[in-house]
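Chemist: Residue-level listing of the chains:
2 protein chains.
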Amino acid sequence: MRDMLGREELISVERALELLFGYAPFNRTSRTKVSLDQAYGMITSMDILSPEDLPSFSRSTVDGYAVNSADTFGATDGLPAYLTIKTEIFMGERPDFSLKQSEVAKIATGGMLPEGTDAVVMFEHTQQIDETMIEVMKPVSPGENVIQAGEDAQKGALVIRSGNKLRPQDVGALAGLGITKVQVFAKPRVSILSTGDEIVPAHEPIQPGQVRDINAYTLSGLIMNAGGIPLRKGIFKDNYATIHESVEQSLQDSEMILITGGSSVGTKDMTAKVINAMGQPGVLFHGVSLKPGKPMIGGVVNGKPIFGLPGHPVAVHVCFELFIRPVLEDIAGIQEKRFGSKTGTIQARIGKNISSSPGREEHIGVTLEERDGELWASPIFGKSGLITNLTMADGTAVIPLKKFGVQAGEVVEVRLF
Amino acid sequence: MRDMLGREELISVERALELLFGYAPFNRTSRTKVSLDQAYGMITSMDILSPEDLPSFSRSTVDGYAVNSADTFGATDGLPAYLTIKTEIFMGERPDFSLKQSEVAKIATGGMLPEGTDAVVMFEHTQQIDETMIEVMKPVSPGENVIQAGEDAQKGALVIRSGNKLRPQDVGALAGLGITKVQVFAKPRVSILSTGDEIVPAHEPIQPGQVRDINAYTLSGLIMNAGGIPLRKGIFKDNYATIHESVEQSLQDSEMILITGGSSVGTKDMTAKVINAMGQPGVLFHGVSLKPGKPMIGGVVNGKPIFGLPGHPVAVHVCFELFIRPVLEDIAGIQEKRFGSKTGTIQARIGKNISSSPGREEHIGVTLEERDGELWASPIFGKSGLITNLTMADGTAVIPLKKFGVQAGEVVEVRLF
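Top to bottom, those sequences are chains A and B.
For the first sequence, the numbering used here gives the first residue as 306, with consecutive numbering after it.
For the second sequence, the numbering used here gives the first residue as 306, with consecutive numbering after it.
Hints are not guaranteed to be accurate.
Since the list can't tell identical chains apart, any single copy or any two copies may satisfy a pair.
[What the hints assert, rightly or not] Below, simulated DSSO-like cross-link-like pairs (lysine-lysine); rule was C-alpha separation at most 30 Å, straight line:
#1 411 - 599
#2 486 - 460
#3 596 - 642
#4 338 - 538
#5 599 - 443
#6 411 - 578
#7 538 - 443
#8 657 - 538
#9 707 - 338
#10 460 - 707
#11 642 - 657
#12 657 - 542
#13 657 - 338
No lab work stands behind these hints: they were computed from the structure.
Please read all numbers here as calculations on a predicted model, not as lab measurements.
So here's chain A without its partners, still in its complex pose (with noise of 0.2 Å):
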């Protein structure tokens, strides 16, 4: 995007944002079943019902006797209830008998209340006499220490909304209520394309004035960890032809699009042109007042994101965080957030004052360590484009928009890597 004297104009993160969900909800992918042992991280595409009452017999949750309250009532150490062991519940099993006033059956947690009994007495508020007989020295009211039958789900009820995460719990819940396919929605699939004349696979040794494809692999990595596949497509050539033929190609079989390197200036203009030419609306914002990712492109073709990525190592995970997660889990189907996945961020205190130009957002990596029980953030003052700044940082301390820097010491947020 230029300005009326040609400049190019800069938009914040915040506005870029705002520009790409005006175009969400994204193409979804396909639903599919799936069965629990490969559900563990899939998103739900359905609200899911409780198949049956659950429990579906009263069950006692502590060790101890089955009782009729009513035989309890008023029992006191100095008064107890005499009452008369008639018999023992197993586990797993249902009781075909029932039991007569002042009568108690022994029963372990998790085993089902016989007929004629309505809460249990725990073993620590009473005292065995002989073989038949108990003390009980405490009073239960009715359904004390008991679940009753359909407490945990009743037939029909909504146990995990359309648009979750399973997590290992989850899968446990939907195993404990006999549900053993689900309806998740299939993960998305991300081309990543390659581009620059400089850029040599990882297996290949290196010529003067190459570097090998470091962002495919970072990428790939960060969009497995947010739950799509990567689909890496290839080092293409700056060459208009065969990146808009991979392009073309990759709007077939996958639901993004994420188009790295390009440092030169002209590569930029050219993943621009691409993503232009593929259709409606096309790039949506080329340029974002952020440090690194200046550079960053992003833009819809018929409802599916495309990205043009910078270059430098760190600016591709600032972006994948900024820009890109949010989009991926939207097309994945994620519509509701349980707070453990969104804490990406901590407060820490910067070590050292950094100055920053009030109108861009700036990323600076960081280590973390405690010391004197605060959290300490010291910059890593490497160059752009170092590889070793990527495995030394514990992740990127943001200085807002709005401000000239931070002096040592001051609190700053910190996502993590």
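Knowing the structure of chain A, use the given hints to seat chain B on it.
Modeler: Below, chain B without anything else, positioned relative to chain A:
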């Protein structure tokens, strides 16, 4: 463990971990070599050194002109330096010429500096006079806007230490160094044995008195998320001989064993008996001052940890995070933890008064929400053992060992689920 009077003796979570880690490091899994595509999330089993100088050439970090810095000294807006554009350096190519005094070459970010130059002037500080001549309005110092050959990583320099979990950007860095195979620890295998006469598989209809096997599915997911491979060994009735046989076999094919269920006193004792029968040192603790999770059993046999977990689904989650995850990470070979992987907890204000017995650590399921910019944790007052507690909770609020409870509005630590 029982004291002299035969009462069950409970120990603190901290002490239980001390007992366990008295046997660390546990038997590590074998080392294996994987390709970069398989390396994500794996733990390095040796230090990774740079196989070459990187970059192998002096590289521009900006778009501009490669110059001999001495030619720009003293240049100002009013008195610019006039320099001759000799040629353009193309990306990925080694310039096969050298520049003489007052000559410059157009260069893009990532381009290789030609002989005779030692810095790059950004386009922004130049003015093009005609096709062969520029004005430079600002001096550059030697090395300015240049990454020197070998500056990123010198041959033999340590890039990633042994015992690190490879993040996407770490795999990217390896690709950049031309390392396509990496030595890692094989993922630890964890056997899961479900016990209990009342437990049936997820796919079976339940009879009154029975419950389905929730915990094996929850544990499988937690193990995978922590970097292990779950081996579900099936459901065993409360029979000493069959459990003994399965544990013995699991000691052959896995690095850790989890025995779940056994909510009844008899089963708990049976689990402890089986562990003690397997070898030395056997059971280390049996009973922890923790709610839920009090019946937890921890032991070690011939360098392999064996745990007996309570049957209660929320207790399983709490005990996994407190005891099993740290031990599993040790077996997996993790020696250095990134800060990001440690942030499983946040601070929140508790929504209601909660009483707790001092002398035990208590974990209460909560949902989280932001109100007026503050984070609030609302306790889920469900009865122990409800499946729906699992799906509702965002985490558990922790009431430490020595507290009597917390007041509404008090800040508590919440472990995220």
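Chemist: A separate judgement is required for each hint: does it hold in the structure or not?
Modeler: Against the structure, the hints:
1. For the homomeric pair residue 411 and residue 599, the shortest alpha-carbon distance between copies (21 Å) is at most 30 Å, but the shortest distance inside one copy (71 Å) is not.
2. Taking the shortest alpha-carbon separations for residue 486 and residue 460, only the intra-copy value of 17 Å comes in at or below 30 Å, while the best inter-copy value is 52 Å.
3. In this assembly of identical chains, the alpha carbons of residue 596 and residue 642 lie at most 30 Å apart whether taken from the same copy (28 Å) or from different copies (28 Å).
4. Proximity of residue 338 and residue 538 under a CA criterion of 30 Å is satisfied in both settings, with 28 Å inside one chain copy and 25 Å between copies.
5. Taking identical chains as interchangeable, the C-alpha atoms of residue 599 and residue 443 lie at most 30 Å apart only when they sit on different chains, with a minimum of 23 Å there against 71 Å within one chain.
6. In this assembly of identical chains, residue 411 and residue 578 lie within 30 Å of each other by CA distance solely across copies; the values are 23 Å between and 78 Å within a copy.
7. Within a single copy, residue 538 and residue 443 get their C-alpha atoms no closer than 72 Å, and across copies no closer than 42 Å, so neither meets the 30 Å cut-off.
8. Taking CA atoms no more than 30 Å apart as the test, residue 657 paired with residue 538 passes in neither setting, with 42 Å inside one copy and 54 Å between copies.
9. Taking the shortest Cα distances, residue 707 and residue 338 never come within 30 Å of each other, neither inside one copy (48 Å) nor across copies (48 Å).
10. Neither within a single protomer nor between protomers do residue 460 and residue 707 lie at most 30 Å apart by alpha-carbon distance, with minima of 54 Å and 42 Å respectively.
11. Taking the closest pair of Cα atoms, residue 642 and residue 657 come within 30 Å of each other only across two copies (24 Å); inside a single copy the shortest separation is 35 Å, beyond that limit.
12. In this assembly of identical chains, residue 657 and residue 542 lie within 30 Å of each other by CA distance neither inside one copy nor across copies; the values are 41 Å within and 62 Å between.
13. Taking the shortest alpha-carbon separations for residue 657 and residue 338, neither the intra-copy value of 52 Å nor the inter-copy value of 40 Å comes in at or below 30 Å.
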